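Residue numbers (my numbering), protein chains in the order written: chain A, 10 to 337; chain B, 10 to 337.
Hints in this document: simulated from the structure, not taken from any laboratory.
Fair warning: there could be bad hints in the mix.
Which copy is meant is left open, so a pair is good if it fits within one copy or across any two.
What the hints assert, rightly or not - Below, computed lysine to aspartate or glutamate pairings styled on EDC-like, alpha-carbon distance capped at 20 Å:
(1) 332 <-> 243
(2) 124 <-> 207
(3) 15 <-> 146
(4) 332 <-> 253
Please read all numbers here as calculations on a predicted model, not as lab measurements.
Below are the chains, spelled out letter by letter.
There are 2 protein chains.
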Amino acid sequence: MSESQKVSELGERSLISALSRSFKNSTNPDLVIGPGEDDCAVLDISDEGYLVVTTDMLHRKTDFPDQMTPWQIGWMSAAVNFSDVASTGARPIGFLSSLGISPDTDVSFVEEVSKGMADCAKECGTSVIGGDIDTHDELTINGTALGKVKKRHLLTRRGAQVGDKVCVTGFAGSAGAALHALFNDIEIPASLLNTLFEPYPRVTEGQKLAQSRAVSCMMDTSDGLALSLHDLSDLNAVGFQINESSLPIQYEVLNHVTDDQDELLNFAMYTGGDFELLFTVSPDLLNKVQNICCLTVIGDVVDQTLGTTIIRGDDTILSINRKGYLQL
Amino acid sequence: MSESQKVSELGERSLISALSRSFKNSTNPDLVIGPGEDDCAVLDISDEGYLVVTTDMLHRKTDFPDQMTPWQIGWMSAAVNFSDVASTGARPIGFLSSLGISPDTDVSFVEEVSKGMADCAKECGTSVIGGDIDTHDELTINGTALGKVKKRHLLTRRGAQVGDKVCVTGFAGSAGAALHALFNDIEIPASLLNTLFEPYPRVTEGQKLAQSRAVSCMMDTSDGLALSLHDLSDLNAVGFQINESSLPIQYEVLNHVTDDQDELLNFAMYTGGDFELLFTVSPDLLNKVQNICCLTVIGDVVDQTLGTTIIRGDDTILSINRKGYLQL
Chain A
10 MSESQKVSEL
20 GERSLISALS
30 RSFKNSTNPD
40 LVIGPGEDDC
50 AVLDISDEGY
60 LVVTTDMLHR
70 KTDFPDQMTP
80 WQIGWMSAAV
90 NFSDVASTGA
100 RPIGFLSSLG
110 ISPDTDVSFV
120 EEVSKGMADC
130 AKECGTSVIG
140 GDIDTHDELT
150 INGTALGKVK
160 KRHLLTRRGA
170 QVGDKVCVTG
180 FAGSAGAALH
190 ALFNDIEIPA
200 SLLNTLFEPY
210 PRVTEGQKLA
220 QSRAVSCMMD
230 TSDGLALSLH
240 DLSDLNAVGF
250 QINESSLPIQ
260 YEVLNHVTDD
270 QDELLNFAMY
280 TGGDFELLFT
290 VSPDLLNKVQ
300 NICCLTVIGD
310 VVDQTLGTTI
320 IRGDDTILSI
330 NRKGYLQL
Chain B
10 MSESQKVSEL
20 GERSLISALS
30 RSFKNSTNPD
40 LVIGPGEDDC
50 AVLDISDEGY
60 LVVTTDMLHR
70 KTDFPDQMTP
80 WQIGWMSAAV
90 NFSDVASTGA
100 RPIGFLSSLG
110 ISPDTDVSFV
120 EEVSKGMADC
130 AKECGTSVIG
140 GDIDTHDELT
150 INGTALGKVK
160 KRHLLTRRGA
170 QVGDKVCVTG
180 FAGSAGAALH
190 ALFNDIEIPA
200 SLLNTLFEPY
210 PRVTEGQKLA
220 QSRAVSCMMD
230 TSDGLALSLH
240 DLSDLNAVGF
250 QINESSLPIQ
260 YEVLNHVTDD
270 QDELLNFAMY
280 TGGDFELLFT
290 VSPDLLNKVQ
300 NICCLTVIGD
310 VVDQTLGTTI
320 IRGDDTILSI
330 NRKGYLQL
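Next comes chain A alone, as it looks inside the complex (with noise of 0.2 Å):
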């Protein structure tokens, strides 16, 4: 890298790219899983069990759009972060949370913050343990959540066969088409606006399917199924076929912001927010996982030589491209 070249210039992705590299150079007889290869680190901590701990910082300008309550700041800060914790197939143990506040904020602001990541942090069987509090020009919080899994339970991004099943948790494209539907003024009931401002970590489901061992490999969707899709094809060598028709969109979606089947496709693949499980099955396990959460079938892992594309409701097959990402 050249030495004037900025942030901007490089993008965000080649930059932890780029610096999750030199990092790996350093020796640590902890670590198992480093720095930018999964959705969290993970540290060898005991005979039995892995730590996995992740961290994401959210700031008012990009993360959280004024119509949030600040309940709802509070509970997606910590739900960003389980939901990486739930992709590994952890067991919540505790959350940490700094918050960098003006100090003319209202001390009630702070305090309903508070109570929006505690109540998320009980909803995923633990509690907020620790944190710091920073003067700060623009509301910044940093979150960080760990988890304990045992050894022979952890999930990762590696381990997708060709011939196994493509799965995801809920319903693909709400939080995108909420978004969608905020800015342009376009209304929508609480249960759709929820799914965008109160993601719901799958932290249940999935250290159910942990521990089922029938999974292969699993990621969250919080960069939209298309990047996570690409991002599963990269680390395993493999393609997938998506089948359009089988992607879970929400009903509220299709009632209140479009039925336009180009619409529906968009926001399901290259939107993100949703916060969702990805993962892959052995056919043979399918129904074992299928009896224990809700989850839709949505294609299949290929050779990598098929890329990764999907087919439409009319037969054609078009690429799925690596974009995504929902940028507040």
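Once you've looked at the hints, dock chain B against the given chain A.
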């Protein structure tokens, strides 16, 4: 708290106390020491060991004077967290950082910050294991450090007994004196300036002190000796009698900043940023710890009714005020 009260009116310490109390209402089956109780949260992760974890948010305006190099900014972001880990006696096992940076930041700046973090983590026997990058107007760095400690070796802020000796590693007041020199254009050698810009986390000393089983309680001096002593006084229901003549003042402070006793006392007691370990030891075990690291005995644990005082050179006794913390 009233609805309209501002954070600035309540104050940071009171706000943290209030939030910590609310977080403690949640149950957490893994938690041993929770929010607001110690330098680190402590989690029960196995039959043998505890996990300690701490997080700190720093930002340009308050924490990084213009004179700091990007490498030093990175180093400090890691060091302040590892110092908290050190104070529990734990062995560091990883560091995560979230970088909030403006898009027009030079990539080389970010690389240097990251190198500073990586070098500090390496010095502490571990590495950077993960993180996040966020777009932010003001440079903001959130660090999270993790450590592991055998259950019988965990040190906390609780345990001081009347009659114990009060000890501190390294020097007292160096960082505060260096900051004073910086603000007043007093030329000082790098060896003094670096106590401010490159604090050295006492992770080796912390582990050895914990393993000695001779230490009754420990914390770091990041908020200054006075505040630290008052925190220990409150938690342990004891008082402290400190001898001014015993305070370990760095030679360069005397030689370049001031030889005025009142000023020296002010630096040593009421400025922060030193990141040394403050601990108490039973007198009959003192020679055990004196052999394992460089420390200074600065006073005694006394009955709570005697308060927290300092014996000056002229044998007068002064109360130590509850003030401190170096706000850069």
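Going through the hints against the structure:
1. Only within a single protomer do residue 332 and residue 243 lie at most 20 Å apart by alpha-carbon distance; the minimum there is 14 Å, versus 55 Å between protomers.
2. In the homo-oligomer, the alpha carbons of residue 124 and residue 207 lie at most 20 Å apart inside one protomer (13 Å), although the nearest pairing across protomers, at 36 Å, exceeds that limit.
3. For the homomeric pair residue 15 and residue 146, the shortest alpha-carbon distance between copies (14 Å) is at most 20 Å, but the shortest distance inside one copy (24 Å) is not.
4. Proximity of residue 332 to residue 253 under the C-alpha cut-off of 20 Å is restricted to the intra-copy arrangement: shortest distance 17 Å within a copy versus 64 Å between copies.
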